[in-house]
Amino acid sequence: MINEDAAQKSDGGEKFNGGSQRRKRPKKSDSNASFLRAARAGNLDKVVEYLKGGVDINTCNQNGLNALHLAAKEGHVGLVQELLGRGSAVDSATKKGNTALHIASLAGQAEVVKVLVKEGADINAQSQNGFTPLYMAAQENHIDVVKYLLENGANQSTATEDGFTPLAVALQQGHNQAVAVLLENDTKGKVRLPALHIAARKDDTKSAALLLQNDHNADVQSKMMVNRTTEVQYFMTTCALYLFIYFCPIN
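For the sequence shown, counting from 1, position 11 maps to 939 in the working numbering; every step adds exactly one.
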């Protein structure tokens, strides 16, 4: 869950100088925190007011989340457009390397995703752990986002630092709809084999069966024949090895 810094409360103190009364001005940190709260709430008028008052549009909280990130997460399309129009960097990243597109994809905010992509967001940007927007959408089974990203050039062969692709994580989470969409777009079989390796290592026969099931597209089927033969051989060899180790332990 995305968190923002809590605002520091003004103590409301007053100073007296020669009989005159003067209130303390709000601290800059107060304005920044209030600005980020307004962005998260989707309060466009308030956000614009703070910007006109001198708040930096790129100000962020302790996690590196700025107004664009917060608005994207909550699905505030109009505010996202306003911030981008006022110069907010579309690919600005949090401390973990997540851009607004990562955040919107993870939250399933399809309309925000479309705006960000149209504004030039890097569709294949990777976070510190190698996560891409497509990976995040597949992980959460956000089908509309998965489809849109694929249609606009998302590379589903890109893996995390742990070797997981969007297909692999969708399989792991049991998101059959996302798996189906990703397989439909894997016309060259580039991500099917790595995902099968993961299924074999986990002894996940259900995922393996889904990966190896017959394709309804004849052209795709012919293109995948060699890969499928390799996949079956690998899976059967791995299963045989597991059985041997289990029933024939070394003393």
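Note that these hints are calculated values from the structure, not bench results.
Heads up, some of the hints might be wrong.
[Stated by the list, open to error] Pairwise CB distance ranges (calculated): (1) N1052 / N971: 28 to 38 Å; (2) G1102 / N971: 32 to 42 Å; (3) V976 / G1091: 38 to 48 Å; (4) K980 / S957: 12 to 22 Å; (5) Q1056 / S957: 55 to 65 Å.
C-beta atoms are modelled at their ideal positions from N, C-alpha and C, and glycine is treated no differently.
How the hints compare with the structure:
{"no.": "1", "hint": "N1052 / N971: 28 to 38 Å", "result": "holds, 32 Å"}
{"no.": "2", "hint": "G1102 / N971: 32 to 42 Å", "result": "holds, 38 Å"}
{"no.": "3", "hint": "V976 / G1091: 38 to 48 Å", "result": "holds, 45 Å"}
{"no.": "4", "hint": "K980 / S957: 12 to 22 Å", "result": "holds, 19 Å"}
{"no.": "5", "hint": "Q1056 / S957: 55 to 65 Å", "result": "violated, 27 Å"}
Against the hints set out earlier in the document, a violation occurs for number 5 only.
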